[in-house]
Amino acid sequence: TLYEELKRLGCERIGYIGWDAFGMYSIREREKAYHEKAQDDGKGVFLRAPWTQRRRCEAIVRDTFEKDRDRIFDAVICSDREMGEAVLRAAAHVGAEVMIATVDEVTRGIGREVVVYRQNLEAVVEQIFASLQKQCVDGRNWSPKLMQIEGTLYIQKG
Numbered sequence: 318t319l320y321e322e323l324k325r326l327g328c329e330r331i332g333y334i335g336w337d338a339f340g341m342y343s344i345r346e347r348e349k350a351y352h353e354k355a356q357d358d359g360k361g362v363f364l365r366a367p368w369t370q371r372r373r374c375e376a377i378v379r380d381t382f383e384k385d386r387d388r389i390f391d392a393v394i395c396s397d398r399e400m401g402e403a404v405l406r407a408a409a410h411v412g413a414e415v416m417i418a419t420v421d422e423v424t425r426g427i428g429r430e431v432v433v434y435r436q437n438l439e440a441v442v443e444q445i446f447a448s449l450q451k452q453c454v455d456g457r458n459w460s461p462k463l464m465q466i467e468g469t470l471y472i473q474k475g
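So the mapping is simple: the working numbering equals the position in the sequence shown, first residue as 1, plus 317.
Any given hint could turn out to be false.
Listed below are the simulated DMTMM-like cross-link pairs for lysine to aspartate or glutamate, each with C-alpha atoms no more than 20 Å apart in a straight line [unchecked claim]:
{"#": "1", "residue 1": "K324", "residue 2": "E353"}
{"#": "2", "residue 1": "K349", "residue 2": "D397"}
{"#": "3", "residue 1": "K324", "residue 2": "E439"}
{"#": "4", "residue 1": "K474", "residue 2": "D455"}
{"#": "5", "residue 1": "K354", "residue 2": "E321"}
{"#": "6", "residue 1": "K474", "residue 2": "E322"}
{"#": "7", "residue 1": "K384", "residue 2": "E353"}
{"#": "8", "residue 1": "K354", "residue 2": "E439"}
{"#": "9", "residue 1": "K462", "residue 2": "E439"}
{"#": "10", "residue 1": "K474", "residue 2": "E439"}
{"#": "11", "residue 1": "K324", "residue 2": "D391"}
{"#": "12", "residue 1": "K354", "residue 2": "E467"}
{"#": "13", "residue 1": "K384", "residue 2": "D397"}
{"#": "14", "residue 1": "K462", "residue 2": "D337"}
DEER-style ranges, computed between Cβ atoms [claimed, not checked]:
{"#": "15", "residue 1": "E430", "residue 2": "D455", "range": "20 to 28 Å"}
{"#": "16", "residue 1": "S343", "residue 2": "R388", "range": "34 to 42 Å"}
{"#": "17", "residue 1": "N458", "residue 2": "R372", "range": "39 to 47 Å"}
{"#": "18", "residue 1": "V411", "residue 2": "M464", "range": "25 to 33 Å"}
{"#": "19", "residue 1": "I472", "residue 2": "R386", "range": "39 to 47 Å"}
{"#": "20", "residue 1": "D337", "residue 2": "N458", "range": "22 to 30 Å"}
Since the hints were made in silico from the structure, they are not lab data. Note that the structure is a prediction, hence the values are computed from the model and not measured. Every residue gets a Cβ at the ideal spot worked out from N, C-alpha and C, and that includes glycine.
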């Protein structure tokens, strides 16, 4: 997991930065997984940005970093690529020395190494297609199943 990799890299205080949109499965489950690994009772969440303010995400993160400098962790896990890119740019802007981990590669604002969990989107699409085929064959007897597809953990160079 991203959490375990950050620990392996020597990070002690690991926080989480994500979205407040818990109606979305991936957002809810990623934060839940963080809490299970951190065993922190919610104290490690540095920021839950408003989903409705996605376009202002970088500014929200930057303002939070500036206001709460004493709460900045050794490392933060970002909920997704969009948040990871915003955190990278905000950390650079305020000079925050924090290791950043995110789901999926960041495409902008990279000037440092980033720990990445890359989703296997090819396998996800294949599984969706197979499920749709099964649904067509089984008709009303079909029932959905949660399928988790393993991704790849690596360090994206800056």
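Okay, the hints, checked on the actual structure:
1. K324 / E353: Status holds; Cα separation ~14 Å.
2. K349 / D397: Distance of about 14 Å is within 20 Å: holds.
3. K324 / E439: Between K324 and E439 the Cα gap is close to 29 Å, so the pair fails against 20 Å, i.e. violated.
4. K474 / D455: 46 Å, violated
5. K354 / E321: Measuring from Cα to Cα gives roughly 8 Å; hence the hint holds.
6. K474 / E322: 15 Å, holds
7. K384 / E353: 28 Å, violated
8. K354 / E439: 27 Å, violated
9. K462 / E439: 18 Å, holds
10. K474 / E439: Not OK: K474 and E439 at ~23 Å, beyond 20 Å, violated.
11. K324 / D391: At roughly 10 Å apart (the allowed maximum being 20 Å), D391 and K324 satisfy the hint.
12. K354 / E467: 18 Å, holds
13. K384 / D397: 23 Å, violated
14. K462 / D337: 26 Å, violated
15. E430 / D455: 20 to 28 Å: Cβ of E430 to Cβ of D455: about 46 Å, so the range 20 to 28 Å is violated.
16. S343 / R388: 34 to 42 Å: With a Cβ separation near 26 Å, S343 and R388 fall outside 34 to 42 Å, so the hint is violated.
17. N458 / R372: 39 to 47 Å: 44 Å, holds
18. V411 / M464: 25 to 33 Å: 40 Å, violated
19. I472 / R386: 39 to 47 Å: 26 Å, violated
20. D337 / N458: 22 to 30 Å: 38 Å, violated
Figure legend: structure checked against the earlier numbered hints; hints not met, in rising order: 3, 4, 7, 8, 10, 13, 14, 15, 16, 18, 19, 20.
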